[in-house]
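Chains as they are written, first to last, in the numbering used here: chain S, 1 to 303; chain L, 1001 to 1444.
No wet-lab data here; the hints were simulated from the structure. The model shown is predicted, which means the values in this text are computed figures rather than measured ones. Hints may be right or wrong, so weigh each one.
[Stated by the list, open to error] Calculated lysine-lysine pairs in the PhoX-like style (CA-CA distance at most 20 Å, straight line): (1) L:K1242 - L:K1183; (2) L:K1437 - S:K47; (3) L:K1427 - L:K1439; (4) L:K1437 - L:K1427; (5) L:K1437 - S:K58; (6) L:K1087 - L:K1320; (7) L:K1161 - L:K1192; (8) L:K1439 - S:K58; (9) L:K1395 - L:K1144; (10) L:K1395 - L:K1437; (11) L:K1235 - L:K1427; (12) L:K1439 - L:K1395; (13) S:K47 - L:K1439; (14) L:K1320 - S:K58; (15) L:K1320 - S:K47.
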Amino acid sequence: MALTASRPKRRFRPALWVLTLPFVIMFALFFIAPIVYAIVDSLFSTKASGLGFGAPEKVFVFLDNYAAALSNPSFVESLGRLLLFSLIEVPLMVVTALGLALLLESARARWPRFFRVLYFVPYGVPGVIAALLWGFLYIPATSPVLQGLAAVGIDVNPLSSSGVLFAIANIALWGFAGYNMLILIAALNAIPSELYEAARIDGASEWSITWNIKLPLVRPSVILVTVFTIIGTLQLFVEPLVLRPLTTAISSDYTPNLAAYNQSFAQGNPSLAAAMAVIVALIGFVFSFGFLRLVNRKGNRAW
Amino acid sequence: MFGPRNNRTARLALAGAVTLGLVGGLAACSSGGDSGSTASADNPVEITFQSWVPNIDQAVDAFNASHDDVKVTLETVTAGPDGGYAKMLSAVQAGNPADVAQLGYDAIPDFLVNDALEDITDYVGDSSDLFVPWQWNTGVFNDKVYAVPQASGPLGQFYRKDIFDSLGIAYPTTWDEYYQAAKTIHASDPNKYITAFAFNQAPWLIGLSQQGGANWFSTSDDAWNVTIDDESTLKVADFWQKLIDEGLVKIEADFSSEWNADIQNGNVATWISGSWADAILRGTAPDTAGKWAVGAMPQWQAGEDVSATWAGGSASAVLKGSKHPKEAAEFALWLNSDPESVNILTNVGAGWPAIADTSEITSLQSDPEVFSFYGGQDIWDVFAASDAAVDTSWKWPPLSSTLFSSLTDNVKSAVEGGTPLTDAYTKTQDDMVAALKAKGISVN
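So here's chain L without its partners, still in its complex pose (with noise of 0.2 Å):
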């Protein structure tokens, strides 16, 4: 970057192109005419499945045992906002795209608007009475499906039972005494917070506003009402902004080195998050294995039961220009219903399944291992009443990239600034009417 190194890899850059072109050519001549043949079983159709989901080829290899006709390649891409969905939106356009992708339910109307989803209506659409309703419906828009729901992240509260223990703090059930946990912990040590901040997370500030009551996105007349900035949301901004205020929070990006650290030696003791966040604080702090535990979310008014969800959840999609898009379909109704790959991928962490019926998904009902880590606590048992108490009116718009780094501009630079953190949100308002009219949208 500051000197002629670009010279150089340019030139790598060149002699690689070189090297790609020839072989490509060469691979041009021997491929070909596998698209449109029949599948049988000695000449399977093949399909790739894109996904971020860590050892969700334990899946993908359980459908290649069990299909003969169809055979599955897993390639990893890097979780979606982070670059998987440019990768796929790019792949759309230069029309040679993976055939199944996993999507956010934040980014079906995203891909929708980019014309990136194939029509699976006719080889799924019978199937949705196999879902929860709610979940089904994220990919269907004007009476198309578009995607078959995989799993939902419904909010929990993990946190560190010893400490809460040891200071003789009882489980926040409500924010008000959140806010007095939070008084108590950093007032035992200065450098102990009871959670960290995410300014950079923005499905997690969404999912904190969602539990408040906000509920942002809704259409009418053929066009959308944005309420960023409604009530709800600003009574959950000044909230955080006390806690902020009163030194209360450490204020840290998740997942970041600094967060790492911090979750293993105890310095942030709670995290609001998915159930799949269980997989990630196993293998993030082993060494604390025993001494965590799960709540539900703290509530607004004593005695109510809301939740809310990590950007709703996970889906997979047919990306538009795939060859085999029948058999793409299928695989992406397998994958997420047939009880043994759920059973898989929700052992690998993929999330609360989407199927209606879950008494077959063994791992639900007992899992030792995981038990083990929070104390022995049947922690699925605090999910499942989450997700149902999730607010499934939620509707996501086109854009949801453009919200999302609006709003972790706004609520960085807020924090940053110090200036109220309800601007922030006033702030993505505008921004998100902004961007979907000049995307030629309608607001009302």
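Excised from the complex, chain S in its bound form (with noise of 0.2 Å):
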């Protein structure tokens, strides 16, 4: 006691500055730049003149990008679209994730490491990859799952506009479940066998267990895992820009991220883009931390 005591309060520690400047001047210049960036170049927009054949100028129009995203109908129309996203695909992610780990870390769980390396592999595969694989899977003309159903007298089309976010969520789910099972296993290993022996002793059967000791003690990895998934929800960009040209139900405004990419890249006006950006940012931020607030209220441990 008496030796953090007397630890100098403030001390000029130059090895604490050489390890840690490389992270910041990195953080710095690959995180927070680009984000200021961002914010700077969304209260700005390039306006022509007369027939447009001229150099443009940039102009200051401060909340004006905001506004045109906010006022564009099929921009709130992605909005909600995702919102939507996130009310199938966190729950879906989230229950499947832990009902895989809690199956393969039970007591008769048969061959557990050769199937958790199975639902892994998806989350190897690159998201482009993996977009262009179910889209393969999802057309009529070269889908064998389709063709077989077709055959028996069912006809599926996931890609019609009533079915393509389950199929979008579906993707999702099929590359990144194995991934947040994995978190929930590593968990779920670093509960003390004592607690298992002492429960069995009580005579506890396997559902109590499972119920009032295993699921309390890996909340906060599924909370975790539940964080990850809205935020990687919110982002949701690279399934519908693969099977875009696949279905007429994928605009190319389609989520937020799509809107603000074909805003950049096809449109050119970056700033509207980045105002969008923004937006989608802020919202990813409320959710997050929404969520973090309703669960570690005090008192709210139902579970």
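Hey, can you piece these two chains together into the complex? The hints should help.
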């Protein structure tokens, strides 16, 4: 105790600075600077005049780009679509990952290592490749699954306007459930086995062990997985981009990120794209921290 | 995306950035000094050329072989609307663009409104008479030259002659006959369609309207007149609406894997496309060699001869910020007018040459490899006639990219939601006028 108390409070430690400097520089250059750049850019707009063949000028428009984005019906629609997608995807992802983790970590699981790898493998497939792959499976002309179903009289079109959101959710689930499962398995493995022994001596069933020991103890990991999934779903981009040419149900502004991409790279309006990106970032911020506040309230430990 | 993969990519990106930064720093020490030095055989000026035309490297090689003082490096980019233009524009903004870029005629005003093109009047202004006037004029604004035309994409109809013959269908010379042919083809086999309705392809949709007599953009009093919902366009839209409603065309994106399969197995029997589509067709469906033929565009009035283009054509422009605009402009001129180069370009499928005198272009006179794919037909006769029948007064406004994406989005949602196709064009009219005004451009 005397030792810690006598430690000098503000000693200059060069090693600390030298070792953190690379991080600070990179963090500033590649994280802070782009954010500041995007925010500044979102306050400007390039204007032409006459027939538009002269050089344009950059003018300060303050929040006009934000107003333009939020008064654009298809952008607002894409925000709504994204929320709907999150409502489908987040619970589905968390429940699937948790279910798989509990099954593979239960005492009766057969070949848990094999299945762990099997479920994790899709995560190793790059997002674009995964979407292309599923794209082939979603088109009747190239999909053995749909052709098989059609042969027995079931006609499904996963890329119809009513089904496409689920088709995308399926790709995301396929790609990331295994990863989230692994996080939860790690948490389950960290539970000391004395707790299980004590429970069994007390005569607890597998079900009540799961409910009263496993779930409460992996709670922090479940929260982590949920926050990651919320952030991930809000960035929905690759899957609709790749599937877009295959269906009439996906427009060039199907999700906010797609709309920003389209504005910036197809329509030459990076300022509006920056405003859209900031809006999505704000929503992600509000959702993630809102969720964390919700689950971390005192007394909110129902399970 | 759906997990902390971001962290990993962020770390990778960071590591990459560090490496790049180090390498870049080293490179900066060793390079420098080539700008401003006079060109000579020992010390040639190096310029880069961005294009997406397959095999255009043959033309670049030919240039390098015949020029000692300039060395061109080809950089292959994705097709303009699919990301190539974005790459070029960002490079211009960042101040390190390629010197010469492949640009669609539709994209030239778009690049101009972004202040991304170099004025090359001083270098190539005298060469206007080498080119077909309307194509030359696609690169001229306010009497300044910004681009050298390469090739146009006059429309023709590629069709499976064997299917037409076996069903006893004569080649449709009018759209009425086209409609009848569509019915016969679909009646013969419910999986077969006369064509794919390419909701994703703005140049295709625009070409059909143009061939119907539409002329969407004109200027008067230093302002644009926009008439995307004119009578001719709505007539064309109503025609395709009828085919869609009766299930006679397949709603399908062109160049998609599904479309490729349908072209290969004959479920889609025709394709209205530019002259350059020949190379694509031969590449996509080599097994169907000998079964295809090419016909002129069906007409709205029997006996007429009206054609159109696939979004005009393609040009070479010098990007703003090029360190060697003179050499870049000279390369652009050589590439698109030297008979040797134009021969190569025509061979590789760049399109219908923009030069006025095509007598030296041997590949247009006879090309056994191409003609045998079409059962021995000289398909270039069809496109020569088509090129001559194009309404050359069509003018591209700035923001053609907005036009393309708005048009395809609106047509998509009409097809998807079962709303009238004509509404899609009315909506596109509103979108385009709003976009132009928002950009500060005058609209009447």
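Q.
Need the status of pair K47 (chain S), K1439 (chain L): alpha-carbon distance at most 20 Å?
A. 5 Å, holds
(Q) Given the hinted pair K1437 (chain L) and K1427 (chain L), is their Cα-Cα distance within 20 Å? (A) 15 Å, holds
Q. Given the proposed pairing of K1087 (chain L) with K1320 (chain L), does the C-alpha separation stay at or below 20 Å?
A. Holds, at about 14 Å.
**Q.** Pairwise hint evaluation, K58 (chain S) against K1439 (chain L), where the allowed Cα distance is 20 Å at most
**A.** The hint holds at about 11 Å.
Q. Given the hinted pair K1242 (chain L) and K1183 (chain L), is their alpha-carbon gap at most 20 Å?
A. 11 Å, holds
Q.
Hint check: K1320 (chain L) vs K58 (chain S), CA-CA at most 20 Å. Holds or violated?
A. 17 Å, holds
Q.
Check the hint pairing K1235 (chain L) with K1427 (chain L) against an upper bound of 20 Å on the C-alpha distance.
A. 16 Å, holds
Q) Under the criterion that the straight-line Cα-Cα distance not exceed 20 Å, is the pair K1161 (chain L), K1192 (chain L) satisfied? A) Status holds; Cα separation ~14 Å.
(Q) Can you confirm whether the C-alpha distance between K1395 (chain L) and K1144 (chain L) stays at or below 20 Å? (A) With Cα atoms ~16 Å apart, K1395 (chain L) and K1144 (chain L) stay inside 20 Å; holds.
**Q.** Proposed proximity, K58 (chain S) with K1437 (chain L) (alpha carbon, max 20 Å)
**A.** Given that 20 Å is the threshold and the Cα spacing comes to 16 Å, the pair holds.
Q: Given the hint that K1437 (chain L) pairs with K47 (chain S), test it: the Cα-Cα distance must not exceed 20 Å.
A: 10 Å, holds
Q) Taken at face value, is the distance from the CA of K1437 (chain L) to the CA of K1395 (chain L) at most 20 Å? A) 18 Å, holds
The earlier numbered hints are all upheld by this structure, with none contradicted.
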